[in-house]
Amino acid sequence: MKPALGLAVTAGVATLATIGWLGYRLIEQNRLPGNGIPSGLISSPQQLSPAQEQAQADAIMGLTLPDLDGRPQAIAQWRDKVLVVNYWASWCAPCVEEIPAFSRLQRQYAAQGVQFVGIGIDHPENMQAFVKATPVAYPLLVADPAASQMPGLQIKGLPYTLVIGPDGRVQGSRLGRLDESRLNSILQRLASPR
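full-length UniProt numbering puts the first residue of the sequence shown at 1, with every later residue one more than the last.
Since the hints were made in silico from the structure, they are not lab data. The C-beta atom is built at its ideal place from N, Cα and C for all residues, glycine as well. Check each hint, because a few of them may be wrong.
Here are the computed distance ranges between Cβ atoms for each label pair [unchecked claim]: (1) Pro3 - Pro145: 40 to 48 Å; (2) Gln52 - Ala111: 15 to 23 Å; (3) Ala111 - Asp144: 29 to 37 Å; (4) Gln77 - Gln54: 16 to 24 Å; (5) Arg169 - Asn126: 31 to 39 Å; (6) Ala129 - Pro50: 36 to 44 Å; (7) Trp91 - Pro3: 18 to 26 Å; (8) Arg79 - Lys156: 19 to 27 Å; (9) Pro135 - Pro66: 18 to 26 Å; (10) Gln54 - Arg189: 30 to 38 Å; (11) Pro193 - Gly62: 25 to 33 Å; (12) Lys132 - Gln52: 16 to 24 Å; (13) Glu180 - Asp80: 22 to 30 Å.
Only pairs whose alpha carbons sit at most 20 Å apart, straight line, appear in this in silico SDA-like list of lysine to any residue [what the hints assert, rightly or not]: (14) Lys132 - Cys92; (15) Lys132 - Glu97; (16) Lys156 - Leu63; (17) Lys132 - Lys156; (18) Lys156 - Trp91; (19) Lys156 - Pro94.
Could you put the whole structure together from the sequences, leaning on the hints where they help?
Spelled out as structure tokens, the structure:
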């Protein structure tokens, strides 16, 4: 009886420690640094060095992926714009939740040089069905999982969003659902007045 009780206590302590750690991570991800940019938008959970961020931006700008009609689209065609690249999938609930907000922001900032691009790590048929039910105001491209693991670009989960400035430098990234108001504040800062 005593070994079972000890095992139960150990499992309980481990569970509480895990819950505490996850709560701490959630609070830390949502904390705002001094410049007003949410820490979760500045980098993935691990702080990237400037060289790693630049390698990520270069890898993305070098991609050519098919759109939903199968036509190849080079990400580089949107060079010189504020580029918001969102890795998503139709089976990913947080991904699907943020798409209407991204569509609103695309319409709001399009005239100011902002371009959203969705890269679906999904089957084209699933993405086409999704678009029929939920209109998307920006281009959607199709990638297989291998495209998210190329050198310089390691997608660790979905959704994953990167903001790349007109100069090609990463201005922020977020692993997990991105709040519309947080992204809006970044776009206000980066969008060019016209």
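Verification of the supplied hints:
no. : hint                        : verdict
1   : Pro3 - Pro145: 40 to 48 Å   : 44 Å, holds
2   : Gln52 - Ala111: 15 to 23 Å  : 32 Å, violated
3   : Ala111 - Asp144: 29 to 37 Å : 34 Å, holds
4   : Gln77 - Gln54: 16 to 24 Å   : 20 Å, holds
5   : Arg169 - Asn126: 31 to 39 Å : 33 Å, holds
6   : Ala129 - Pro50: 36 to 44 Å  : 40 Å, holds
7   : Trp91 - Pro3: 18 to 26 Å    : 42 Å, violated
8   : Arg79 - Lys156: 19 to 27 Å  : 26 Å, holds
9   : Pro135 - Pro66: 18 to 26 Å  : 20 Å, holds
10  : Gln54 - Arg189: 30 to 38 Å  : 20 Å, violated
11  : Pro193 - Gly62: 25 to 33 Å  : 30 Å, holds
12  : Lys132 - Gln52: 16 to 24 Å  : 38 Å, violated
13  : Glu180 - Asp80: 22 to 30 Å  : 25 Å, holds
14  : Lys132 - Cys92              : 17 Å, holds
15  : Lys132 - Glu97              : 16 Å, holds
16  : Lys156 - Leu63              : 18 Å, holds
17  : Lys132 - Lys156             : 28 Å, violated
18  : Lys156 - Trp91              : 16 Å, holds
19  : Lys156 - Pro94              : 15 Å, holds
When held up to the earlier numbered hints, the structure conflicts with 2, 7, 10, 12, 17 and fits the remainder.
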